[in-house]
Amino acid sequence: MYQKTRYLTAGDKAIELEFGNEISKELNLLVRKVYYCIRKKNIEGIEEMVPTYRSLIVYYNPQKIKYTYLVQQFKELEKSVTEISLPTAHVTEIPVLYGGEYGPDLEFVAQYNKLSVEEVIKIHTEKEYFIYMLGFSPGFPYLGGMSDKIATPRLEKPRIKVSEGSVGIAGGQTGIYPINSPGGWQIIGRIPVKLFEIKEKFPFLLKSGDYLKFYPINQKEFKEIKKKVEEGNYNCKIGLHGRI
Amino acid sequence: MEGFKVIKSGVFDTIQDLGRYGYQQFGMPVSGAMDSYALRIGNRIIGNKENEAGIEISTPGLSLRALNETAIVLTGANITFTINDNFAPMWETLAIKKGDTISFNKIQSGCRTYLLVAGGIDVPSVLGSKSTYTRAKIGGQNGRPLKKSDIIYISNPKQKLQDIINGKVVSINIPDYHEENEIRVILGPQDDYFSETSLSTFLNSFYEITVYSDRMGYRLKGPKIESKNGSDIITDGIPPGSIQVPRNGMPIVMLADRQTTGGYAKIATVISVDIDKFAQIKPGNKIRFRKVDLEEAHRLLLEREEKITNLHFEKKVSAESKTSNNRIFQVKINEKKYKVEVEEI
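If you read the protein sequences in the order shown, they are chains A and B.
Reading the first sequence from the start, the letters are residues 1 to 244 in this note's numbering.
Reading the second sequence from the start, the letters are residues 245 to 589 in this note's numbering.
With the rest of the complex left out, here is chain A (with noise of 0.2 Å):
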């Protein structure tokens, strides 16, 4: 964490806070906290704000508010951060189908770290990933807290389609791809799950600083979820943090 936040220039709409350099718990409650500050004082001219690991970009209208300004609004808010009570965690159990076609990078990550398949199988599904922030794409959750044991550096060329639902580690992160788009992480598995459907009410699955975990199925059991998710009658396992 930084002594003083770093106020960057992401062109001439959005400022960048920067709070520190590292995936920490703590550095992410700080940005979540000033969020919501920032959210409460309702300031004239900020349009939305997307927090991330360890910075927050603020997108503001200049015809509205000047630079010079907002900064000095955020330095008075930041003095007074308070602390704030978040919602009780949740973890949402989702199921994977590792390796095969549908995790073509799986036993490039083994050799990199010189591991079996089934040892990357096993490190993967071990923990609760907590989700740091959602972004990237649709209800795309950005996890922490995965083990350095199967850290793998991304792709030097990223791909031009990477299908719904795979899953992928990229250096010390994991996550989860919810639509087709470009990406340039390792991919070793697929859901068969949906993180986001327009249809529902609220089109996302999960949320920021709840919890969610991995956990190994086969083929069958992969077509079988698949089935039920189609017709609209599949719901993750979802428990309190801490409980499973």
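Errors might be hidden in some of the hints.
[What the hints assert, rightly or not] Below, a list of computed lysine to aspartate or glutamate pairs in the EDC-like style, where the Cα atoms sit at most 20 Å apart:
1) K157/A with D458/B
2) K381/B with E231/A
3) K350/B with D458/B
4) K381/B with E200/A
5) K576/B with E558/B
6) K161/A with D105/A
7) K66/A with E540/B
8) K223/A with E197/A
9) K64/A with E470/B
10) K223/A with E93/A
11) K64/A with E294/B
12) K161/A with D458/B
13) K64/A with D436/B
14) K157/A with E547/B
15) K66/A with E549/B
16) K4/A with D436/B
17) K66/A with E547/B
18) K33/A with E47/A
19) K381/B with E93/A
20) K64/A with E539/B
Keep in mind that the hints were calculated from the coordinates and are not lab data.
Put chain B on the given structure of chain A with help from the hints.
For chain B alone, kept in the frame of chain A given last:
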């Protein structure tokens, strides 16, 4: 009401407004018109609110049959188009009768044309916007580009159709889509990931727009931009126009359908007034980036917004029919622009 039937479709024509705001923190991209200036001006000309949805045309081929009387305007990239086989001009209101056929041919310069219709296009608003985001299959015409036999619904205009047809917006600044090779940027947010030498390479070289360019972003090709210690960052927000430099050192300019967050260092951000121009540059063309400071970017933005605010309606001088066999060209002689109308005699 029913507005048009798609007689023939192009490859990628989508319904877009100014974008879907407020859901970026859930990962929902903004989308919206790639050239928002052209969409806004078109809406002003046709008497709509600036953020009404129109059709973004990016390839030749689209052909529409009018199912009701209405009025349209074409803005953005210079496209050759006809109404019942007669060439028609862009940037002005055109009266459309029931049964008229509007066909779009070749895009002459630029790469995205906007068709705006009086009253706007009537599709459901999804999370606050009519914009099509094809990757998530939402918005616009069932979340996809227009296809043959689609019926496009339109809303009733607030004003009388005849008043819209007889009105004219004066002193419009029509962009020149021909030779825009300088794009202005503000350095950051992660310019400190690059050495002085790399920044100099970035600012002093020509970069070509590759064919791997779409509504999400333009992948450029040119001299490699080396980062100091790798170009992976801890994922953060991606503003419009930001220029990512992945490990291969080739910049990617993030546009309307860009992901909300990403993990590559962003060397600079295209200024707002140049994003629209940039989005009109065709693959194969080369551009160069020029650095400006935040104050200048804001000054340019406020100037442009003032001009747009000051646009006003005027009665047309003549009431003659808008369609003719005449063709209109923009000619540049000694840096001065001329509008040349060629009439068949």
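A quick look at each hint next to the structure:
1. K157/A with D458/B: The hint holds at about 17 Å.
2. K381/B with E231/A: 19 Å, holds
3. K350/B with D458/B: 19 Å, holds
4. K381/B with E200/A: 14 Å, holds
5. K576/B with E558/B: It is violated: about 27 Å lies between the C-alpha atoms, which goes past 20 Å.
6. K161/A with D105/A: 14 Å, holds
7. K66/A with E540/B: Since the Cα atoms of K66/A and E540/B sit roughly 13 Å apart, the hinted pair holds (cutoff 20 Å).
8. K223/A with E197/A: Holds. K223/A to E197/A sits at ~19 Å (cutoff 20 Å).
9. K64/A with E470/B: Violated, because 38 Å separates the two Cα atoms, which is more than 20 Å.
10. K223/A with E93/A: 17 Å, holds
11. K64/A with E294/B: 18 Å, holds
12. K161/A with D458/B: 13 Å, holds
13. K64/A with D436/B: Not satisfied, since the Cα-Cα distance of roughly 29 Å exceeds 20 Å.
14. K157/A with E547/B: Violated, at about 40 Å.
15. K66/A with E549/B: 15 Å, holds
16. K4/A with D436/B: Roughly 17 Å between the alpha carbons, so the hint for K4/A and D436/B holds.
17. K66/A with E547/B: Roughly 15 Å separates the two Cα atoms, so the pair holds.
18. K33/A with E47/A: The hint holds at about 18 Å.
19. K381/B with E93/A: 26 Å, violated
20. K64/A with E539/B: 15 Å, holds
Checked against the numbered hints above, the structure violates hints 5, 9, 13, 14 and 19; every other hint is satisfied.
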